[in-house]
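Start from the sequences and build out the full structure, keeping to the hints where you can.
Here's the letter readout for the chains.
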Amino acid sequence: MKHFSSISAVEHPNKLLDLALACKANPHQWSDLGQQKTIGLLFFNPSLRTRLSTQKAAQHLGLEVLTMDVGSHGWKLEFEDGAIMNSDKAEHIKEAAAVVSQYCDLVAVRCFPSLTDRSADYREPVLSAFMKYASVPIINLESATAHPLQGLADWMTIKENTQKERPKVVLSWAPHPKALPQSVANSFVKYMEVADVDLTITHPPGYELAPEVAKGFTVSHDQAAAMKDADFVYTKNWSSYSTYGQVLTQDPAWTITSEKLGNAFFMHCLPVRRNVVVSDAVLDSPQSLVIEQANNRTFAAQAAIISLLKP
Amino acid sequence: MKHFSSISAVEHPNKLLDLALACKANPHQWSDLGQQKTIGLLFFNPSLRTRLSTQKAAQHLGLEVLTMDVGSHGWKLEFEDGAIMNSDKAEHIKEAAAVVSQYCDLVAVRCFPSLTDRSADYREPVLSAFMKYASVPIINLESATAHPLQGLADWMTIKENTQKERPKVVLSWAPHPKALPQSVANSFVKYMEVADVDLTITHPPGYELAPEVAKGFTVSHDQAAAMKDADFVYTKNWSSYSTYGQVLTQDPAWTITSEKLGNAFFMHCLPVRRNVVVSDAVLDSPQSLVIEQANNRTFAAQAAIISLLKP
Amino acid sequence: MKHFSSISAVEHPNKLLDLALACKANPHQWSDLGQQKTIGLLFFNPSLRTRLSTQKAAQHLGLEVLTMDVGSHGWKLEFEDGAIMNSDKAEHIKEAAAVVSQYCDLVAVRCFPSLTDRSADYREPVLSAFMKYASVPIINLESATAHPLQGLADWMTIKENTQKERPKVVLSWAPHPKALPQSVANSFVKYMEVADVDLTITHPPGYELAPEVAKGFTVSHDQAAAMKDADFVYTKNWSSYSTYGQVLTQDPAWTITSEKLGNAFFMHCLPVRRNVVVSDAVLDSPQSLVIEQANNRTFAAQAAIISLLKP
Numbered sequence: 001m002k003h004f005s006s007i008s009a010v011e012h013p014n015k016l017l018d019l020a021l022a023c024k025a026n027p028h029q030w031s032d033l034g035q036q037k038t039i040g041l042l043f044f045n046p047s048l049r050t051r052l053s054t055q056k057a058a059q060h061l062g063l064e065v066l067t068m069d070v071g072s073h074g075w076k077l078e079f080e081d082g083a084i085m086n087s088d089k090a091e092h093i094k095e096a097a098a099v100v101s102q103y104c105d106l107v108a109v110r111c112f113p114s115l116t117d118r119s120a121d122y123r124e125p126v127l128s129a130f131m132k133y134a135s136v137p138i139i140n141l142e143s144a145t146a147h148p149l150q151g152l153a154d155w156m157t158i159k160e161n162t163q164k165e166r167p168k169v170v171l172s173w174a175p176h177p178k179a180l181p182q183s184v185a186n187s188f189v190k191y192m193e194v195a196d197v198d199l200t201i202t203h204p205p206g207y208e209l210a211p212e213v214a215k216g217f218t219v220s221h222d223q224a225a226a227m228k229d230a231d232f233v234y235t236k237n238w239s240s241y242s243t244y245g246q247v248l249t250q251d252p253a254w255t256i257t258s259e260k261l262g263n264a265f266f267m268h269c270l271p272v273r274r275n276v277v278v279s280d281a282v283l284d285s286p287q288s289l290v291i292e293q294a295n296n297r298t299f300a301a302q303a304a305i306i307s308l309l310k311p
Numbered sequence: 312m313k314h315f316s317s318i319s320a321v322e323h324p325n326k327l328l329d330l331a332l333a334c335k336a337n338p339h340q341w342s343d344l345g346q347q348k349t350i351g352l353l354f355f356n357p358s359l360r361t362r363l364s365t366q367k368a369a370q371h372l373g374l375e376v377l378t379m380d381v382g383s384h385g386w387k388l389e390f391e392d393g394a395i396m397n398s399d400k401a402e403h404i405k406e407a408a409a410v411v412s413q414y415c416d417l418v419a420v421r422c423f424p425s426l427t428d429r430s431a432d433y434r435e436p437v438l439s440a441f442m443k444y445a446s447v448p449i450i451n452l453e454s455a456t457a458h459p460l461q462g463l464a465d466w467m468t469i470k471e472n473t474q475k476e477r478p479k480v481v482l483s484w485a486p487h488p489k490a491l492p493q494s495v496a497n498s499f500v501k502y503m504e505v506a507d508v509d510l511t512i513t514h515p516p517g518y519e520l521a522p523e524v525a526k527g528f529t530v531s532h533d534q535a536a537a538m539k540d541a542d543f544v545y546t547k548n549w550s551s552y553s554t555y556g557q558v559l560t561q562d563p564a565w566t567i568t569s570e571k572l573g574n575a576f577f578m579h580c581l582p583v584r585r586n587v588v589v590s591d592a593v594l595d596s597p598q599s600l601v602i603e604q605a606n607n608r609t610f611a612a613q614a615a616i617i618s619l620l621k622p
Numbered sequence: 623m624k625h626f627s628s629i630s631a632v633e634h635p636n637k638l639l640d641l642a643l644a645c646k647a648n649p650h651q652w653s654d655l656g657q658q659k660t661i662g663l664l665f666f667n668p669s670l671r672t673r674l675s676t677q678k679a680a681q682h683l684g685l686e687v688l689t690m691d692v693g694s695h696g697w698k699l700e701f702e703d704g705a706i707m708n709s710d711k712a713e714h715i716k717e718a719a720a721v722v723s724q725y726c727d728l729v730a731v732r733c734f735p736s737l738t739d740r741s742a743d744y745r746e747p748v749l750s751a752f753m754k755y756a757s758v759p760i761i762n763l764e765s766a767t768a769h770p771l772q773g774l775a776d777w778m779t780i781k782e783n784t785q786k787e788r789p790k791v792v793l794s795w796a797p798h799p800k801a802l803p804q805s806v807a808n809s810f811v812k813y814m815e816v817a818d819v820d821l822t823i824t825h826p827p828g829y830e831l832a833p834e835v836a837k838g839f840t841v842s843h844d845q846a847a848a849m850k851d852a853d854f855v856y857t858k859n860w861s862s863y864s865t866y867g868q869v870l871t872q873d874p875a876w877t878i879t880s881e882k883l884g885n886a887f888f889m890h891c892l893p894v895r896r897n898v899v900v901s902d903a904v905l906d907s908p909q910s911l912v913i914e915q916a917n918n919r920t921f922a923a924q925a926a927i928i929s930l931l932k933p
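Residue numbers (the working numbering), protein chains in the order written: chain A, 1 to 311; chain B, 312 to 622; chain C, 623 to 933.
Calculated from the structure, these hints are not laboratory results.
Using N, Cα and C, we set each Cβ at its ideal position, and we do this for glycine too.
Incorrect hints may appear among the rest.
As the list claims (entries may be wrong) - Restricting the straight-line Cα-Cα distance to at most 30 Å, the calculated cross-link-like pairs of lysine-lysine (DSS-like) are:
1) K387/B / K89/A
2) K37/A / K646/C
3) K711/C / K387/B
4) K754/C / K571/B
5) K335/B / K624/C
6) K754/C / K335/B
7) K159/A / K348/B
Unchecked claim - Here are some chain C residues the structure puts well away from chain B; computed CB gaps all over 12 Å:
8) H625
9) L655
10) E746
11) E787
Written as structure tokens, this is what we have:
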């Protein structure tokens with residue numbers, strides 16, 4: 001694997017999962033791997049879990065960490081080829097990526113989508129530019145359309161919490177007041193494709209995921225039917241893909257409650273809006289795996305870093 | 312001690328003082344204690360001394376440091392139980408505290424008061440929530456009503472600068488253009504209660520501290536009489552407790568001058584407004600202990616961390 | 623050398639250059655020098671290269687790093703002696719510098735000019751105040767009028783890319799939409815004075831550098847004539863010194879193109895406005911040294927730190 005951009009870049013996903021679980025079992029066993037090496041963390045958007053867990057992962061591996069809040073620490077970047085840079089963008093990604101990667105052995109980047117131009121977002125302008133112009137491997141800390149470290153942490157969590165050969169997993173849309181990216185849902189589906197699970201996707205009409213993501217899975221507009229006998233219910237809001245970036249409904253009938261959940265485990269990537277996405281009762285119950293999912297982010301990041309640093 | 316929330320949480324304050332002084336004498340003697348351990352520093356408000364001295368303390372102890380400027384790095388938190396989170400608050404403290412504490416062995420939090428709702432501020436909503444929902448010990452880096460690391464550094468400074476058995480210490484209010492918390496004054500009085508000193512508090516009418524803080528001490532509205540024969544004059548502005556959060560006066564007659572100070576040492580927690588709180592002549596004289604107080608912040612933080620990490 | 627404020631403070635510039643090149647050849651050879659030592663990095667202005675390369679340099683030397691974004695992390699500082707601090711400035715530089723330097727063995731400061739008051743800027747109020755009130759050596763990370771770490775990195779780059787005894791170096795002004803400091807140009811000229819090069823300066827009328835900087839060098843308003851047979855063309859925008867801080871022209875005839883450059887190497891400190899300062903064709907050609915200049919910033923910083931830490 002050259003870059004950890006999405007699960008498609010991972011040659012042996014099951015080995016990556018095993019590595020992440022091995023990191024969790026003994027976080028310090030590769031503490032020499034990062035000696036005299038540096039990881040750069042570049043944030044174009046806010047971050048709590050990702051920021052802290054990736055730093056923690058780097059520290060477990062003995063790496064030095066350089067963190068940049070692009071925007072507040074730096075300046076606006078230009079991404080267009082051939083641009084005449086006489087307005088507010090002070091530096092081109094060509095220079096920024098080349099320079100930053102000189103100071104680092106790995107560069108990890110977070111950059112959310114615009115949610116205004118679908119074809120631009122799905123071309124991943126920022127992540128692609130870093131992969132093109134940086135001289136070192138790039139790690140995706142959530143891009144316009146994918147969040148592969150979250151997906152790996154989610155997969156770990158399912159693996160740790162089932163004895164079934166083929167558990168039933170449901171990905172359910174939930175209401176939210178703001179327009180959110182499809183990145184977490186996209187990556188979750190991609191990982192579930194690799195994992196040996198029975199996946200059902202449920203959402204209101206108009207919230208269909210990209211055809212290349214949802215293809216081959218059962219999709220239902222009937223949340224109750226979809227959730228029947230589920231072992232895991234992964235809940236997440238996303239804005240519309242077809243009417244791109246729009247909030248079409250905030251229907252509270254889609255909020256996850258204890259009654260709907262039955263005996264299933266509840267999963268969410270966090271941050272979560274209580275009593276909008278999911279009820280307090282679910283989050284405060286032992287069926288909620290959200291805190292463990294966040295914990296697993298550290299080991300997912302460790303596995304990605306190890307995979308890129310080891311030949 | 313489970314959390315370092317205020318001096319009330321400290322079982323043996325005199326041992327803590329001795330530990331802080333021992334850290335100052337040999338800052339690196341416990342450099343193995345923090346190996347493979349992480350401290351998280353969460354700032355809801357700006358910080359200079361606290362940020363740097365706590366990091367420095369952590370480095371002396373071999374701890375890794377994860378710093379978060381909540382707000383600029385993260386998002387707005389919800390603190391109310393049962394809230395329907397459909398407005399601007401993206402995450403509940405229940406998740407935020409549980410998640411952050413998973414990545415850390417200690418979490419240190421700075422969060423100032425609103426100064427608009429006294430009973431809410433004195434219930435310490437943020438600090439209490441972290442103590443309730445985090446899975447690791449919490450350190451108070453200045454909360455709504457207390458600043459115990461400052462108080463410990465102040466006590467160290469008095470101890471280092473007196474040979475008297477029972478020095479006379481005066482806490483004097485001083486003018487300031489902005490409404491400030493009572494936290495520093497509250498903690499200073501609490502530490503002086505434990506220290507063997509003769510404490511007098513002086514302030515204009517309307518600036519009485521909370522009854523549970525000032526109880527048992529001499530309180531005077533006559534600054535000159537209060538400061539007579541003082542060994543140490545600790546100066547600090549605070550806004551009114553009775554007319555909560557208000558600036559009732561900025562009377563320059565309360566500014567500390569060399570004439571008023573006599574032979575006493577001058578103390579202040581910094582940052583200090585020159586020629587408003589205290590004259591240049593006092594701050595630039597050898598009677599000023601303010602720089603040493605700031606220096607002692609490192610060792611106060613070290614002592615607090617050691618106390619929480621050691622069984 | 624007491625402080626690394628400008629090249630004028632460096633007793634043996636050629637030894638400093640050799641040290642920087644030695645750091646590049648073997649970055650980790652002095653990794654014990656910084657053990658149990660701390661460098662503070664204070665940013666009054668945004669920074670990418672400087673922030674990352676100085677941290678990287680510190681890590682190579684085993685130093686702990688404390689980074690402060692003054693402004694967003696802290697508060698506004700007062701620099702005037704005798705000020706009555708009753709407005710928006712919460713702390714005087716006297717206290718801030720004394721306190722910060724207690725936590726550090728070295729303090730590095732970035733503070734840009736106002737570009738509104740020339741005599742104030744050229745007195746270097748912020749850098750001078752830190753040198754006066756801090757108790758440890760100060761490193762200039764770009765001040766109002768100088769950028770000595772950039773100048774040292776630039777000198778390294780020229781040294782590495784010429785076999786000539788006395789190469790021809792041209793410093794050419796270039797257009798830019800915003801008013802920029804003279805600091806980079808000033809420091810480059812000062813280093814070239816020490817290096818054994820043939821320096822020509824070229825800019826439109828009204829862009830003369832300070833007399834004490836340009837004195838003794840060939841200055842031309844004819845860019846083409848100045849660039850004839852150049853080995854290195856260092857390009858940089860600066861605002862007017864005589865009509866202080868003003869943008870007098872943005873004439874695109876001054877943009878550097880491949881045609882103008884001939885066989886010379888192209889240099890720029892970055893960030894660079896593509897197709898305003900210089901054409902894409904130049905930057906994307908092997909004649910461009912800008913990425914290597916940025917790389918050399920790490921070793922320039924390492925050399926400065928070593929010089930200040932070693933007796």
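Output the numbers, in ascending order, of every earlier hint that fails for this structure. Violated: none.
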